[in-house]
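Peer 1: Residue numbers (my numbering), protein chains in the order written: chain A, 1284 to 1543; chain B, 1284 to 1543; chain C, 1284 to 1543.
Heads up, some of the hints might be wrong.
When chains are identical, the list treats them as one kind, so a pair holds in a single copy or across two.
[To be verified] Below 25 Å or equal to it, Euclidean Cα-Cα: the simulated PhoX-like pairs (lysine-lysine) are:
1. Lys1504 / Lys1522
2. Lys1522 / Lys1484
3. Lys1520 / Lys1437
4. Lys1296 / Lys1504
FYI, nobody ran anything at the bench for these hints, they're computed from the structure.
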Amino acid sequence: MGMITLTSDLGYKDFYLAAVKGSIVTQLPNTQIIDISHSVAPFNIAQGAFLFRNAFPHFPRRTVHILGVNCDYSNNPEFLALAYREHYLLGPDNGIFSLICEEFPEKLVKINLNRETKFPHFALLDVLVPCACHLAAGGTLNTLGDDQKTWIQKMDLKPVMGPGFIRGTVIYIDEYQNVITNITRKHFEERIKGRFEIRFKRNETINKISYHYGEVPEGEKLSLFGISEHLEIAINKGKASGLLGLRMDDTIQIDYEEVS
Amino acid sequence: MGMITLTSDLGYKDFYLAAVKGSIVTQLPNTQIIDISHSVAPFNIAQGAFLFRNAFPHFPRRTVHILGVNCDYSNNPEFLALAYREHYLLGPDNGIFSLICEEFPEKLVKINLNRETKFPHFALLDVLVPCACHLAAGGTLNTLGDDQKTWIQKMDLKPVMGPGFIRGTVIYIDEYQNVITNITRKHFEERIKGRFEIRFKRNETINKISYHYGEVPEGEKLSLFGISEHLEIAINKGKASGLLGLRMDDTIQIDYEEVS
Amino acid sequence: MGMITLTSDLGYKDFYLAAVKGSIVTQLPNTQIIDISHSVAPFNIAQGAFLFRNAFPHFPRRTVHILGVNCDYSNNPEFLALAYREHYLLGPDNGIFSLICEEFPEKLVKINLNRETKFPHFALLDVLVPCACHLAAGGTLNTLGDDQKTWIQKMDLKPVMGPGFIRGTVIYIDEYQNVITNITRKHFEERIKGRFEIRFKRNETINKISYHYGEVPEGEKLSLFGISEHLEIAINKGKASGLLGLRMDDTIQIDYEEVS
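Next comes chain A alone, as it looks inside the complex (with noise of 0.2 Å):
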């Protein structure tokens, strides 16, 4: 039994969704087709790389994952297959990869197959599906197209670092309203050895990096390394997105002290 996971920005209240399980279970029966997440914001490939990027690695190996952010035609002629860390994942090429992928994938091909466009808005259906099940039914990526050796690159806004500083962004927040930065454990420990303080909107500041949310007083503000290993700020038991009116693209700066 083959194993397909789905990303979009498709949502799950309309029949689009159904359509392309409906493919899937057509083209290859009993496959398991495990949701990543279809609430991605509409177009937002920032999002569904950061949502697919922490979700696929808890998936076997040679699972196929099919990523339908901000994907049709007309934007993206070109649809791309990898091979990548022993995953199979597919989708259009519009700079989805970059951002999700920190190495070149092991392999990458341009996907070639006789496009049936019955659906003109609806490559999810027409181009990803099939491809997805050649290869859920253990089919190679070279039956799907010719190697390529590039990409739609795409930047991910990385943290502004100066003396002293860094400068972060939020880029995420999650349903538990924990407010979620670019800003990595690895950009924190590389620079940060000594005392800091972490700044954002209203003058509030946090000192600490908590390990467990429990780690102050149910109500109060704290700073921690959530699951993505991304710096995250949120309250116990609290909604810091609401209470501390961070949102979306907001300034999390760190101030510390630079130690020879």
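Use these hints to put chains B and C onto chain A, whose structure you have.
Peer 2: Same frame as chain A, now just chains B and C:
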């Protein structure tokens, strides 16, 4: 392994849907269950029919589909099982099937199972799940009840056709806020051979049918036939419903040049 | 093929739930995973217990159920595994099991696995998933830890009973906006033999228990025992919570004639 799909107004947060799925796997272990949508607006059979009609053809033949929209004993004392285009459909006799099926089904039976009224408000579980499992296990419609020649008939809201105009209605707004009307490609192509103008609120007009969302600049409005083959008003990478103020049941009129 | 259900406050949009599912299928391929609900309000074990209690009896015996509500190391350093009514239940020792189980479980062990603290905030993944896969694969509770005679005890909010009255509380509002109270059919039938009046805010009263939503005209309020066997205030084809102004934790009082 049998396959059963579910379309309902049950939503995702309560325990009702889980009770349905648990009952299915208790009665027929290893059934593959696929959700079509459970976000149908409560009791809205027209919306349920629209979503289902566009999703089910993508599933394998002989799939069993449960339709649990506006489904309770009090309103719909009868339940139907259908063979339609080589799929099995099960649901209350509340008019939803007349909105789904373009022709009368191959076979239609009134469900005549000994109904355990354990949950007087949960016919979906008590009546439809056992019948669905029976069919998914290879059982026949004849076992479920007697042939029937009629059902409750509901009329879809059709566009009004007049000399030089088609006046349609917004019937669905999808997750991208694309605005879907009840004007189909067939309605359009049968009548419109020359110039036309699509008009809707705030004096907005469009006089072209696009093939792709990306044919116009980002943020611009456009019109196209969507995956459902219905005329859709959209904004490239934008939210048409909110930005254009188009809501459910609003009017869209196409004025066209009559070619003799 | 094993079966595992998931009940949590993780929500659907983040990558956390996908990480859990990926871990399950990595550790026990071909497991059937069924979501009970992930829309439990964050940290709300009473709501999680209510939803789970009503859903799990519909699943096959020996199903493994993971309860991931308010589940992190810091607050709940202990994790339990139970055999209860021939189902397996796994979750943090935070009181949720005392709210679910009507009698003490057949067997209760404190989980004693070597905990990899890879994700200090994600015990659901690190601790509960491996134990669930062990049980779903046919393993025993004895392997997971030592027998235990106690757990953290939480009290459900019970209705107040007085001479001629039962005073209950709104404990859940479902997707249809039916208003569910903590007054059960048992509470009602044990005490009320004659006339009664259900009273709630804005001087609304109901003095009849309906069997079906459709027993009153559309738009009219009614009261019935819902699928959970709890007293429910509803509006036929309408949204009782919004229209009647009934919210979580509001009071519903039944005044009744005492029959001697």
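Peer 1: Hint by hint, which ones does the structure fall short of?
Peer 2: none
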